[in-house]
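**Q** Can you build the whole structure from these sequences, using the hints too?
Start counting the sequence shown at 1; every next residue gets the next number (UniProt numbering).
In short, the hints are calculated from the structure, not lab data.
Ideal Cβ placement from N, Cα and C applies to all residues, glycine included.
Warning: the hint list may mix true and false statements.
[As the list claims (entries may be wrong)] Simulated restraints on C-beta separations:
1) 70 to 14: 25 to 33 angstroms
2) 20 to 75: 31 to 39 angstroms
3) 56 to 26: 17 to 25 angstroms
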Amino acid sequence: MQMDTTSLIYDTLTNLASAEPTQCAQIRQKLYDELNLPFDKKFALYSGVLGPVSAGRIDDLNEAVNKARAILEDKSY
Numbered sequence: 001m002q003m004d005t006t007s008l009i010y011d012t013l014t015n016l017a018s019a020e021p022t023q024c025a026q027i028r029q030k031l032y033d034e035l036n037l038p039f040d041k042k043f044a045l046y047s048g049v050l051g052p053v054s055a056g057r058i059d060d061l062n063e064a065v066n067k068a069r070a071i072l073e074d075k076s077y
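**A** Below is the structure:
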């Protein structure tokens, strides 16, 4: 996985962590579009990382980035 992808994920998570709820869908969609993800990857990222970060249930963004990378690389986490 490229460093650019890692940076994109980190930036997205940082934005989600501080965004208003009404902004979260747009922020997530930008990531999905940038990475050109199929539905199963979008769903896995949303349920495992993006949704919990948006809701404030994940505080460690580095851990969240690692989890997102594992999902994108099809590794069990």
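**Q** Now tell me, hint by hint, if it's right for this structure.
**A** Comparing the hints with the structure gives:
1. Distance hint check for residue 70 and residue 14: the Cβ-Cβ separation is about 19 angstroms, which falls outside the suggested range of 25 to 33 angstroms.
2. Checking the proposed 31 to 39 angstroms range against residue 20 and residue 75 shows it holds: the Cβ atoms sit about 32 angstroms from each other.
3. For residue 56 paired with residue 26, a C-beta distance near 18 angstroms keeps the hint of 17 to 25 angstroms intact.
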